[in-house]
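Protein chains in written order, with our numbering: chain W, 10 to 238; chain G, 5 to 125.
These are computed hints drawn from the structure, not numbers from a lab.
Mixed in with the good hints, there may be bad ones.
[Stated by the list, open to error] No more than 30 angstroms apart at the CA atoms, straight line, and that leaves these computed lysine-lysine pairs for DSSO-like: (1) G/K107 x W/K12; (2) W/K111 x W/K235; (3) G/K111 x G/K34; (4) W/K94 x W/K164; (5) G/K38 x W/K12; (6) G/K70 x W/K235; (7) W/K94 x G/K34.
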Amino acid sequence: MRKVISFLLLAGFVFYFATLTGGLIIPDSSADRNSVGLDILSRSAGETGSANAVTSVVVLYRGFDTLGEVTVLFLAALGVSVFMKSTGEKRKKVLDQSFILKTGSRLLFPLMFLFGMYIIAHGHLSPGGGFPGGVIIATGFFVILLTSESVNFNKTLMSVLEGLAGLSFIGLGVVGLLGPGNSFLQNFLPLGEFNTVFSAGIIPLIYAVVGIKVGAELSSVVYAMKESK
Amino acid sequence: MNGVLSISTVLNFGSAGLIVLGLYIVFTQKNLIKMVIGIDLAETGVNVLLVSTGYIKGNTAPIFSKTGLQVSSMVDPVPQALVLTSIVIGFGVSALALAMIIKLYEKTGTLDTSKIRGLKW
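All chains, please: the whole structure from these sequences, using the hints.
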């Protein structure tokens, strides 16, 4: 019975989907359907100095939205920490990992960290930015936490880093509000030379802050998951 | 093979398939972890659909990496920026759901929704 109902629901959904997209089999569009996108593309390079138009949308045109996104991520991490708060005794000794695994993960960690930094620093030049870079850094921590049984993971330092990063995001926005642009998250730095690492005003700064925040947050999530019973 | 199926068609079928598969899992499975996997699948389908709305045939990524790239030869950046947000929110949802499931398993000792009182479907 349940399967029949869900089948009917899904068939209805497919019909709705097909009407929404104008049929399942459609030709590729050859013109820009969306004037907002065209407008942003033609203005973003001059206005924000960022070679990557997606980054200029995420960080500047929709910067307030990104602040909300960071807040949602923070709330999720907070929720996980609350749920995973270890009550009572620590987990029993985990499986002793092999020497190769432990050494390999320690060898891998600096490389992953460096790659994450690279992704964060080049967010305005290539696909990437604070969110993927932060996730890559957190993956490095994840590998270390999974393979070694006792890690000196400083949870306080991570919380402080995370809080400071969130504050600096808002601080950068407030500086834009007080500056000549008079609006929240307005660029107040010189744009620099187009398509170089030190360009695009506050975009690399914001992405660095976001990267630190995401990396610290996700590392704490992984650590909380590991430390709970 | 050129011209048999447009890329928008392929993306449409892919996203519809992912969403339907994910929703089917959510509707029919009783295991909570499988339900979270279903939600993730459906979400991936939605992201694919969003990106495909910005696709324009033959155009490049919206990055001015070389001089001489024309605005008219780029795809729409707005859906891509929205999908970036959507992926992060999806991560938060899955992480929170899994943490709740771990707690629920500690409390009840089972992942089966039909065996957990107060969670009957």
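The hints, checked one at a time:
{"no.": "1", "hint": "G/K107 x W/K12", "in the structure": "29 angstroms, holds"}
{"no.": "2", "hint": "W/K111 x W/K235", "in the structure": "16 angstroms, holds"}
{"no.": "3", "hint": "G/K111 x G/K34", "in the structure": "17 angstroms, holds"}
{"no.": "4", "hint": "W/K94 x W/K164", "in the structure": "13 angstroms, holds"}
{"no.": "5", "hint": "G/K38 x W/K12", "in the structure": "16 angstroms, holds"}
{"no.": "6", "hint": "G/K70 x W/K235", "in the structure": "45 angstroms, violated"}
{"no.": "7", "hint": "W/K94 x G/K34", "in the structure": "27 angstroms, holds"}
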